[in-house]
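Number of protein chains: 2
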Amino acid sequence: MKTRNEALARDASDPLRGLKAQFELPAGVIYLDGNSLGVLPKATAARVQDVIAREWGQDLIKSWNTADWMHLPERVGDKIARLVGAAPGELIVADSTSLNLYKVLAAAIRIAQADAPERKLIVSERSNFPTDLYIAESLCAQHGLTLKLVDSVDEIPSTLNADLAVLMLTEVNYRTGYRHDMAALTAAAQAAGALTIWDLAHSAGAVPVDLNGAKADFAIGCGYKYLNGGPGAPAFVWVHPRHTDRFWQPLSGWMGHAAPFQFTPGYQPAPGVRRYVCGTPSVIASSALECGVDTLLAAEPLGGMAALREKSLALTEAFAALAEQRCGELGVYVVSPREAARRGSQVCLALHAPLEQAGYAVVQALIARGVIGDFRAGDPARLAEVPHILRFGFTPLYIGFAEVWDAVEHLRQVLASGEWQEARFNEKSAVT
Amino acid sequence: MKTRNEALARDASDPLRGLKAQFELPAGVIYLDGNSLGVLPKATAARVQDVIAREWGQDLIKSWNTADWMHLPERVGDKIARLVGAAPGELIVADSTSLNLYKVLAAAIRIAQADAPERKLIVSERSNFPTDLYIAESLCAQHGLTLKLVDSVDEIPSTLNADLAVLMLTEVNYRTGYRHDMAALTAAAQAAGALTIWDLAHSAGAVPVDLNGAKADFAIGCGYKYLNGGPGAPAFVWVHPRHTDRFWQPLSGWMGHAAPFQFTPGYQPAPGVRRYVCGTPSVIASSALECGVDTLLAAEPLGGMAALREKSLALTEAFAALAEQRCGELGVYVVSPREAARRGSQVCLALHAPLEQAGYAVVQALIARGVIGDFRAGDPARLAEVPHILRFGFTPLYIGFAEVWDAVEHLRQVLASGEWQEARFNEKSAVT
Numbered sequence: 001m002k003t004r005n006e007a008l009a010r011d012a013s014d015p016l017r018g019l020k021a022q023f024e025l026p027a028g029v030i031y032l033d034g035n036s037l038g039v040l041p042k043a044t045a046a047r048v049q050d051v052i053a054r055e056w057g058q059d060l061i062k063s064w065n066t067a068d069w070m071h072l073p074e075r076v077g078d079k080i081a082r083l084v085g086a087a088p089g090e091l092i093v094a095d096s097t098s099l100n101l102y103k104v105l106a107a108a109i110r111i112a113q114a115d116a117p118e119r120k121l122i123v124s125e126r127s128n129f130p131t132d133l134y135i136a137e138s139l140c141a142q143h144g145l146t147l148k149l150v151d152s153v154d155e156i157p158s159t160l161n162a163d164l165a166v167l168m169l170t171e172v173n174y175r176t177g178y179r180h181d182m183a184a185l186t187a188a189a190q191a192a193g194a195l196t197i198w199d200l201a202h203s204a205g206a207v208p209v210d211l212n213g214a215k216a217d218f219a220i221g222c223g224y225k226y227l228n229g230g231p232g233a234p235a236f237v238w239v240h241p242r243h244t245d246r247f248w249q250p251l252s253g254w255m256g257h258a259a260p261f262q263f264t265p266g267y268q269p270a271p272g273v274r275r276y277v278c279g280t281p282s283v284i285a286s287s288a289l290e291c292g293v294d295t296l297l298a299a300e301p302l303g304g305m306a307a308l309r310e311k312s313l314a315l316t317e318a319f320a321a322l323a324e325q326r327c328g329e330l331g332v333y334v335v336s337p338r339e340a341a342r343r344g345s346q347v348c349l350a351l352h353a354p355l356e357q358a359g360y361a362v363v364q365a366l367i368a369r370g371v372i373g374d375f376r377a378g379d380p381a382r383l384a385e386v387p388h389i390l391r392f393g394f395t396p397l398y399i400g401f402a403e404v405w406d407a408v409e410h411l412r413q414v415l416a417s418g419e420w421q422e423a424r425f426n427e428k429s430a431v432t
Numbered sequence: 001m002k003t004r005n006e007a008l009a010r011d012a013s014d015p016l017r018g019l020k021a022q023f024e025l026p027a028g029v030i031y032l033d034g035n036s037l038g039v040l041p042k043a044t045a046a047r048v049q050d051v052i053a054r055e056w057g058q059d060l061i062k063s064w065n066t067a068d069w070m071h072l073p074e075r076v077g078d079k080i081a082r083l084v085g086a087a088p089g090e091l092i093v094a095d096s097t098s099l100n101l102y103k104v105l106a107a108a109i110r111i112a113q114a115d116a117p118e119r120k121l122i123v124s125e126r127s128n129f130p131t132d133l134y135i136a137e138s139l140c141a142q143h144g145l146t147l148k149l150v151d152s153v154d155e156i157p158s159t160l161n162a163d164l165a166v167l168m169l170t171e172v173n174y175r176t177g178y179r180h181d182m183a184a185l186t187a188a189a190q191a192a193g194a195l196t197i198w199d200l201a202h203s204a205g206a207v208p209v210d211l212n213g214a215k216a217d218f219a220i221g222c223g224y225k226y227l228n229g230g231p232g233a234p235a236f237v238w239v240h241p242r243h244t245d246r247f248w249q250p251l252s253g254w255m256g257h258a259a260p261f262q263f264t265p266g267y268q269p270a271p272g273v274r275r276y277v278c279g280t281p282s283v284i285a286s287s288a289l290e291c292g293v294d295t296l297l298a299a300e301p302l303g304g305m306a307a308l309r310e311k312s313l314a315l316t317e318a319f320a321a322l323a324e325q326r327c328g329e330l331g332v333y334v335v336s337p338r339e340a341a342r343r344g345s346q347v348c349l350a351l352h353a354p355l356e357q358a359g360y361a362v363v364q365a366l367i368a369r370g371v372i373g374d375f376r377a378g379d380p381a382r383l384a385e386v387p388h389i390l391r392f393g394f395t396p397l398y399i400g401f402a403e404v405w406d407a408v409e410h411l412r413q414v415l416a417s418g419e420w421q422e423a424r425f426n427e428k429s430a431v432t
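Protein sequence lines correspond, in order, to chains A and B.
427 is the number that our numbering gives to position 427 of the first sequence; each next residue is one higher, with no gaps.
69 is the number that our numbering gives to position 69 of the second sequence; each next residue is one higher, with no gaps.
The set of hints was computed from the structure by calculation and includes no laboratory data.
Where hints are given, some of them may not hold.
Any copy, or any two copies together, can satisfy a pair, since identical chains are not distinguished.
As the list claims (entries may be wrong) - Subject to a maximum C-alpha distance of 30 Å in a straight line, what follows is the list of computed BS3-like cross-link-like pairs (lysine-lysine): (1) K62 to K20; (2) K42 to K62; (3) K2 to K215.
Chain A on its own, in the form it takes in the complex (with noise of 0.2 Å):
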């Protein structure tokens, strides 16, 4: 893409540009923090207010039955089942991710303690998002197990041996945007004996998953980034059907009881995946949710989620090679990966010496202008190996080419101009 009317002319032949007319922007953004919160869809207020003013208003608890309230998590569920590789019924909506790789990873704890209890080691990264590694903490802690975390992809390998228990990655790295590979690191760690749980929280929506597809054993995700679901939307959690009735999970709510309405003393789990829904979910914020999800399947018709995936790698390829072209004498570099099977749907961005601890400021000026994209920050002792980091995320659903162009050409801008020096310090950062 060498010229802003190159980019207009791939908008104007994308087919799927018309997706884009199915949500609120804001006037004047350039919007690529869908990685964090995705935009409000177009039909989210009505419903809502439908939900609000009749459902719970005017029809009260009648609506557990004439709205079926009582089955959001599964009709929500089967809806996002759709685009990660899952059959209905094997994904329900429910709480929060933290709280669902709890429900999880508790039951592959129980599943590994009884098949092989010798085996002792739950094995995530680092760099995993840090909730992750606080609930294995937590369990490991409970369980008598190990946090092992490493700190490059290359350690994988050697960690899936006869001590290994559990692989749990985030199959796209809240930070760099890295990709595993889901099929064959499960396919590796389930040869060496242990269980996967992935994370989808930044591949759900993003990327084509196909959990059946890897025999994958369980996954969580995040319904308030690429689903669109609004802030703080519930979560997701798929088991696979060979795993769903071996255990309860500890999180045992009357909701998730085999019959929620006997109201008898002596937890039954559901069978299937409804056992992993623990109290009364809110229904307001499941069916926003659901409109979120509904804006991804409306691009079924024109080839769903690899179409989708088509173009979210032509346009972080156009921004990673545009920043490269020209912002890199400015002193920007390229941190996600370049190979299109290893990348997410986002480009993460650094800066060089001497301005590797500019990134924030960097971000807060490109923000000022209009173009809202995040830092994260990197190791202060090592920023050469985990630098300071520019986020731009890339959801095609309602990102055009003709943005990418503009954005760089602000981020050349901010860093050609030294306005960024004059972008205020805030504490506070958004939400992943």
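Once you've looked at the hints, dock chain B against the given chain A.
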């Protein structure tokens, strides 16, 4: 109350009658199920629209700062604290009641195991709401403890001994409306060396609660009943400051971390009750809950929970007395305690033989007439002791004395006419 005119006169002189204007109530309905799902506040729709259209739609991730989404758990929590005798900063909104029980019971078990590892019993009531028992069952299995269930309140004192680790009770029973003496039981349990957990699902917003006055240890509660937060609203959790910082709770998600945006491995819990937040909370659902809580705080200038309680007791006493007077000969008797101090904000009725199986149909016939209560099944093996229950909740914010009169009159007509025999059986029931 002898006549409908007398009921109308009581409504006319009710100093709280203006509070009803805060709600959207469906026409032609006498809603006596606010103990299952509170009604819709008028403010909620507009507030949620503002969250969706402006905070999310326009301001996107900036709202984590500008709308202070980050501190929604504390902001709404501090408001609920005013209803339950807690201080600012002691109570937060998060997740579901079931999940919050898991957190506090796990914390209580950790404290008990540190201070008195020989104590192996968790005591609760067989008639407690089942999800509480399911969660306790799960944690007992994990920690080698035993869940002991008593069949009557009278058995509780004998369990307060050197074996007891935690006494876990719901203050107001969901079926019968029986209200425990929280202060006395807390003192007795603590005198025996045990900890207490109080589920306030049917208390918060329904009866005055004084957690600090009772020196309780832990409490949880529900947002979608008397707090009018909407279907599946987030729940809350309170921890006495003497316990808060002693241990992590095991659902150690990043939103309860001391520095969530440092993105560092190694869980460091936030000081205070913030550590009881796990994953990212639903902003939409939490904002709706705030509107519901505000409807109760609107009573503060009129005497607050004490004034609401006075009216609640007058409503429930009037309903119970009228049901006996006007429907007693038709088979109705009152299950809920007539002693005011032992009664929550609901009245439960049952039917003598030969109508002991007719409860469900009677509730359906009442619903067909627009009188919405609900049915809770008894124990088929011993209906004399645990009868089928017709449950009616009285929320003094929006229920008046004329509705009490009319509800009893409908009940009388349903029984006298035999129209209940026409009521269709609907397998599903409403959510507690």
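**Request:** Any hints from earlier that this structure breaks? Give me their numbers in increasing order, please.
**Result:** 3
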